[in-house]
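Chains as they are written, first to last, in the working numbering: chain X, 1 to 283; chain F, 1001 to 1366; chain Y, 2001 to 2289.
Check each hint, because a few of them may be wrong.
Listed below are several chain Y residues computed to face chain F (Cβ distance under 8 Å; list not exhaustive) [unchecked claim]:
1. ALA2037
2. ALA2139
3. GLY2219
Keep in mind that the hints were calculated from the coordinates and are not lab data.
Here the structure is a predicted model, which means the values were calculated and not measured.
Backbone N, C-alpha and C define an ideal beta-carbon position, used for all residues, glycine too.
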Amino acid sequence: MTSSALSVEDLRVSIGEQEILRGVDIALAPGRVHGLAGESGSGKTMTGLAALGLLPHGSRTAGRVTLGGRNLLDLPQRELNKVRGREIAMVFQDPATSLHPMLTIGRQLTEHMRHHLGLGRAEARARAIDLLGQVRIPGPAAAVDRYPHQFSGGMRQRVAIAIALACGPKVLIADEPTTALDVTVQAGVLRLLRGLCDDLGLAVLLVTHDLGVMSAVADDVSVMKDGLVVETGPRGRVLREPDHPYTRALLDALPREPSAARPGVIPGTPPVEGFDALPKEGS
Amino acid sequence: MSQPSAPSDSPAGGTAPRRAARPGALNNPLARFLLRRIAVAVLLGVGITLVTFVLTNLVPGDPVTANLGQRALGDPAIVAQFRAEHGLDKPLPTQYLTYLGGLLHGDLGMSQQSHRPVLDDLAEFVPATIELAGGAIVISLVAGVAFGVVAALRRDRLSDQILRVISLVGISVPTFWLALVAFYVFFFRLQITPGSGRIAPDMSPPPDVTGLYTVDAALAGQWDVFSSAVGHLVTPALVLAAYTIGLLTRFTRSAVLEVLGQDYVRAARAKGLPGRVILFRYVLRSALVPIITVAGLAFGSLLSGTVLVESVFARPGIGQYAYKSATTLDLPAVMGVGLVVGGVYVLINLVVDVLYGVIDPRVRLS
Amino acid sequence: MRPHSGIRVLSRLPEAWRQPLAVVGGVVAVAWLLIAAAAPLLAPHDPLAQDLPRLASPGPGHWFGTDQLGRDILSRIMYGARVSIPLTLLLVVLSLLIGGALGACAGYFGRWVGEGIMRLADLVFAFPTVILAMVVAAALGASLTNAVLAVLIVAWPSYARVTRGLVLGMREREFVLSGRLLGFSAWRSLRVDVLPNVTGPILVLATLDIGTALLLLSGLSFLGLGAKPPSAEWGAMVASGVEVFDSWWVATFPGLAILTVVLAFNFLGDTLRDALDPRTARAIKERAL
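Please work from the sequences and hints to get the whole structure.
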């Protein structure tokens, strides 16, 4: 991997006294999906956020995040804003909260195109419709004028992906992009990501705790634990012959025959008799 | 036959058919909304007049003693005439029903104090208060939202702490005292603001169109009167706004902080939008919903303040009128004030609801 | 059963004491309580004696000056604390008890009773407080007691609303439901499960309300609808300063007394509110206006 699109070297992040990342190294290559796995709290989401400078207030960073010859960690705010959205973009976990509920998706799709690329209103709108088609939203010309709440979860995540791709970035960070979705629509979103990666030559960092998701789409896999990458390599090798005992433990925790059982939907409905008689659960 | 249901773009969405639309005006959401509002307004009007009526009748105070001088009270003929003139000789339920009947024809009764129709009194005094309270709410919204946003963006830093103290002082300072201090300092000592009243004493009011001196003067092109009217408005409006500025600052701060923590704000940062765009387009838009709710509620406290501010600045407005009517137990006048206030309450709520719809498409489209 | 969130809230309150504003508020509030208690010992003059030069500006012997009747303003302010502060506290306790009880009933027993109570509260809310209180005070006749009654009438609904909202939210919570499923009576669950959890927020509201009540009470006195002369009530003292406008000290110092008391309790209440969880805090803010 000589020509990495984004390389993270010795990334260290601490919030207060606590060191969250303790020297993370990851390299993303164009046209490849790099899966970043690990239990919650291992620092995988922090790695993604750090790459865009989106860490919470009061965090300190050290190390290098190199994109196109520049260390993003050193860029002043103004320069960083030129890179964000345009060269590196992000898709968040929950599309119900990552889209502004009071703005049309057209607005949210075009505003950064107009800002970064200097497109006119009509141009940006045409490109927005085009993008919605690319992420397979039905009826893209009408969809631009709708609001997020008028879409289902899976459709919203597709919109979020379209927004991320709008300015033609080279790198896409996807933070648990399917976790908040129904199992039935997860596969579609993952296939879309995979396809976009191949067609556009995107370098994708796919953050997920789900090794099933990982094995479905990732080319390379890194496993994190306690703020460190403990194992990295091609998917096949890491998932079949893990070196690190932690990776082995993660794999052992999976249910048997994971790949076959994943997207299956059992036909029919659960028996509802008696359900109503149970006491309602409080939130 | 049902109307064609809206296309569902959710593949996983519900398949249940949309309920068929029934014909009739009640099915139009806007008509239903307005009807409900009008019903609330009517009920509120009846409630307010009833409460005022009961309050002022079940208590020891007697409008006769409050309105007639000591000498007149000694003359049974005058007392009887006063009672008959104002219908006070009739049983209470009859008095109230008579009043309600008049109300249906737009007749608010005669003021026992000014001997004029209450409606005329209100027409004279309400505009002064509209100017005052309107000016104060505009000042409070601008200053309160600006302070609150700054406090939220500079959270826990010195400027946030200073704004916190300022806003707490704003909600803690007695309005009547602040009015007095402002009058003393700016008018009496520094002589940089005009004194009491609505315009300079040597000017005559502009031709009456709306009753708002500022607007009427501008319409008539009398710019000296206009500037005098505005000058007389600034200090009382600022004094009146002190409380609501404090309130809105605290509230805006917490609303903005809540929005700043939202995912979509982080997503907007990830898009590389400049901070200014994120603040105005993303953060303020969401924060405005709770801010408007509070601003609507705060308008009530502004009207309270007008009583005190108008009394110090000798502005002949509804607060002054309410005070005079209450102290003389001028029942029709008090009920008239109550109706105006209730009407303002309904109107403000309507404005707030409409603004919700303008800001939030989820409200508008549901 | 889940831990009671109310208990968690109360255990978080001590943290608030480390905030500088709360410390300042606490110190000033305690100082005023001490002044009120010890006014006869502290006051340099008799608050009613008219034996000093009239309208003397502040200086040695009478630090806050004297009023138009030759009374010492500092002494009158100290004695005024004995009028305003106890009455305000009484007022808040009474409106808390009345409003809290009505709100709890409205929230817990719902339907007819609840609707009736809440519509009445709405009606009072629609009226600007000063105007309603003014009408009540005028109708009852101008006296300090009647002013207190008038403020009481406009103050209870905010407690009723907050209590009802909290009780409604609490009624559906897991630990309350599980208590009901175990067969406890409605009354027992209200008393044991619900009430302890709403006391924290209600107490914060009460702290914030002390300031509002004092402002309203002194406002009525300022308008001549409360305390009668020669009583050393602060609002009435400010009003007497209007007549002698250029003797600024007559109105200024009593007003400062009101300001410092209200500010002290608002400093306290604001910090305590921050110690509550945000959702409850917002409920208080929205309903307490």
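Numbered hints the structure breaks, given as an ascending list: 1
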